[in-house]
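Q: Respectively, the protein sequence lines represent chains Z and X. Here the working numbering is used: the first residue of the first sequence is 1, the next is one more, and so on. Here the working numbering is used: the first residue of the second sequence is 1, the next is one more, and so on.
Derived by calculation from the structure, the hints in this document are not laboratory data. Keep in mind that the hints are not guaranteed to be accurate.
Claimed, not checked - Derived DSSO-like pairs: lysine-lysine, alpha-carbon spacing no greater than 27 angstroms straight-line:
1) Z/K72 with X/K406
2) X/K327 with Z/K65
3) X/K327 with X/K406
One-letter residues, chain by chain:
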Amino acid sequence: MKHRHWLDDQGNVQTLWRGFLVLLALTVVAGFFVDMHPHFEIERWFGFNAAYGFVTCLLMIVGAKFMGFFLKRPDSHYSGDQRDE
Amino acid sequence: MNSAAAASLILHPALILIAGALLLPLLRGTARNVAVLSAPTLALVALWLLPEGRLWQLQWLDYSLAPLAVDKLSRLFATIFVLMAIVGGLFALRQQSRLEIPAAFLYAGSAIGVTLAGDLITVFLFWEFMAVGSTLVLWSAGTPGAWAASRRYVAIHLAGGVILFAGITGQILATGDAGFHAMRADSIATWLILIGFLINTGAPPISAWLPDAYPEASWSGTVFLSAFTTKTAVYVLLRGFPGTEILVWIGTFMIFYGIVYALLENDMRRILAYSIVNQVGFMVVGIGIGTEMALNGAAAHAFAHIIYKALLLMSAGAVLAATGRRKCSELGGLFHSMPLTTICGTIGALAISSFPLTSGFVSKSMVTQAAADGHMQAVWLLLAAASAGVFLHAGIKFPWFVFFQKDSGLRPPDPPPSMRWAMILFAFLCIALGVWPDPLYALLPYAVDYAPYTAAHVITQLQLLLFSGLAFFVMLDYLRRTPTITLDVDWLWRIAGPVAARSFRDALRITRAGLNEQLLSGRQAMADSIARHRRPDGLLLRSWPTGGMALWVMVMLLAYLALYYLR
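With the hints as constraints, model all of the structure from the sequences given.
A: Structure representation (structure tokens):
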């Protein structure tokens, strides 16, 4: 490869990560300063959306993993039905 | 008949596109390329020249049909379908298969025909043409996998067509009216119509046809396939069954089905196919909620979805065309040499995740807002979780595994100009609709009283999405791709069905063989006994002595005498 991309530099990737974490913190802190117009009681909890997004995603990943435990097959599983009978 | 109606006699947008499809195979070179771009452009112009109302009316048997009827809802869907045909045609210009674009135009034209149909019979006709067009698009990939998938695909859609036809016939017989209006699912006929429509949305229990078939098409074919069938189904549900409550739960199931299966999937285009089911789920939920806000949201989301999903599949198609690979486990690091594809794919990914400033943000949030307005807390919570899940399964997963993650060492270049411009156009629309949603809102069937960009909404959405992103990277080890597929209900007709048929055939063969053997031995025994009695000296052909004859005559006479006395 002739030249390295700036994303190939681990230092830059570290900086991106730090920026991402700062952004995460900012979105939560912003909840203090903005009227969030909650539709439901549960939304009044501080940082509800952040926590809810994080936890539900963990649950979805774990749930998918659990399903995959039973339903995963090698990707040649259906190779039999490509022939013409 | 006024002059506008007279003009519409020749200019049915669907027929323009279908005529273009029939003309294209005759053309070559530049003339063909010009025709590919101008046929749908002409259809777009024709569409916007049409006034609203039932423009074509005709009597057939005892029913009044309206093959061309225009209102805001039908114009919205027809517009996005034509737009898709133009940009999809541009993307597919370099496709080697000479069948694909004509097939795609037949398919797009039929989809437009459904949206402009004022009666159920016309809906059904174009519905079936759509099945033919999409199957041809799938076929034109020319691989054994596509051929096998197209046979399964057409079987499902023809079965769906039969169910729909039964429903339409029943409905017309019951009401005496062939018009296509809002219905209630309260009779067998309307239920059959609803089921026929739902099969095309990718609803449970047979969502599997979609991720089975779409990823087998060519690099450009999948782009066309992603747009029309499911969104036409959304259109007919919007018109036919608004506010049908069961749709809320069917849609919710589709949303989570799409997320879970996409999370487990390794094939980049199958990830996106599962996410079609997921996104259509949001629209189906909106139709089920049925308020003006929700219906507007479903329609707007269909419009925005066609654009960003096509964009995502174009970027995947560009990768497939350049590398010949489709599995995430074999891709990665493509941002080095495909910067434009990476950027366009990422914009599509942000739009599908409803990031602020993208089209998904201004459309999907109307559905969530409608759930909140209706005080449906459970639905609202599920939709919020699903919004985070969309970012997880499509928004980050697709670009991360295809363009970033590990370096696969592949250095394919960005695609040629026709494909690049198609991607740039749609990427521009994803951002433009997000930044300036008013033109889209003006097209929606009901007046829009909704401001997407409030500080609260932006912050809420950013919290949901960014923390979903955090979850993705925290759990990255669990998401590592393996060369596997996940079983779905298509297992029933790909494995269980054939196995059952085969074992039934074997059982039949064994029974028949056994039966044959027994019959044969019985027949043999009969033949033997016949032969035995009719041999030259067998019982029946033996020559009897005269004395024997006299004896038998005497016995007969004695018997006669005995009977005479006994009488």
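Q: Does the structure keep X/K327 and X/K406 at a Cα separation of 27 angstroms or less?
A: holds, 13 angstroms
Q: Take the C-alpha atoms of X/K327 and Z/K65, compute the straight-line distance between them, and say whether it is at most 27 angstroms.
A: holds, 19 angstroms
Q: For a C-alpha distance cap of 27 angstroms, please report whether Z/K72 and X/K406 respect it.
A: holds, 23 angstroms
Checked against the numbered hints given earlier, this structure breaks none of them.
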